[in-house]
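Q: Please model the complete structure; the sequences and the hints are all you need to start from.
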Amino acid sequence: DTGVSQDPRHKITKRGQNVTFRCDPISEHNRLYWYRQTLGQGPEFLTYFQNEAQLEKSRLLSDRFSAERPKGSFSTLEIQRTEQGDSAMYLCASSLVIWAGGNQPTNTGELFFGEGSRLTVL
Amino acid sequence: AQSVTQLDSQVPVFEEAPVELRCNYSSSVSVYLFWYVQYPNQGLQLLLKYLSGSTLVKGINGFEAEFNKSQTSFHLRKPSVHISDTAEYFCAVRSKNSGYSTLTFGKGTMLLVSP
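Protein chains in written order, with the working numbering: chain A, 4 to 125; chain B, 31 to 145.
Hints were generated in silico from the structure; no laboratory data involved. Nothing false has been slipped in among the hints.
Here are the simulated BS3-like cross-link-like pairs (lysine-lysine), alpha carbons at most 30 Å apart as the crow flies: (1) A:Lys17 x B:Lys137; (2) A:Lys60 x B:Lys79; (3) A:Lys60 x B:Lys126.
Now the in silico label distances, taken between C-beta atoms and shown as ranges: (4) B:Ser56 x A:Leu58: 21 to 31 Å; (5) A:Arg84 x B:Gln72: 26 to 36 Å; (6) A:Gly43 x B:Phe44: 20 to 30 Å; (7) A:Gln44 x B:Asn98: 19 to 29 Å; (8) B:Ser56 x A:Asp66: 24 to 34 Å.
Computed from the model, here is a short list of chain B residues facing chain A with C-beta under 8 Å: (9) Tyr62; (10) Leu74; (11) Leu81; (12) Phe120; (13) Thr132; (14) Leu133; (15) Gly136.
Only a predicted model underlies this, so the values are computations on that prediction, with no experimental measurement involved. Even glycine gets a Cβ: it sits at the ideal position worked out from N, Cα and C.
A: Shown next as structure tokens:
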């Protein structure tokens, strides 16, 4: 188990360029989350996947942002036409949520975070 | 919806002194409570969690926290801090309902330990 890995760790780009971040979750985890963290703030939820299905998107996720998890394993977060306000740390987390047939999980689904991808838009 | 308030943005303390980092939450439903630590340029690491049962929970690195339902608080404590405890600490809540969709974080408290 190598934990959650994110790539690249750092990205510097010019305003208007597109960037893509990749997240590889812990292998047996069915949930994958993206968070954004700006200076002096706590992580803010962006979106999450259950396997390959994107189940929730925050209103923070503008039309320029798109996230995918095509095979239910790794995920990508793409930002198109970057703006200076997009400069932040993008955190990925994964969890294993177990369902026993009802609509409530049977475990606590603890989140495990990667080390983040820091984006600087010049 | 839930919200988390961390009352102190920064807490300076001398090495070997005790420390308390305060956290209050607001929620209309039952929640799980967490404390995470973030070292510079790193991701978040879980320190401890309250799920149910005993209101005093112990975590890694000698930290503990006490859940107080009437005061909707989950303060983090350590009896004697080390220089290596210098980091940002985040309190977080998660609804027990709705299939665990999101974790809501506070803005964080920077713990600064000096010799």
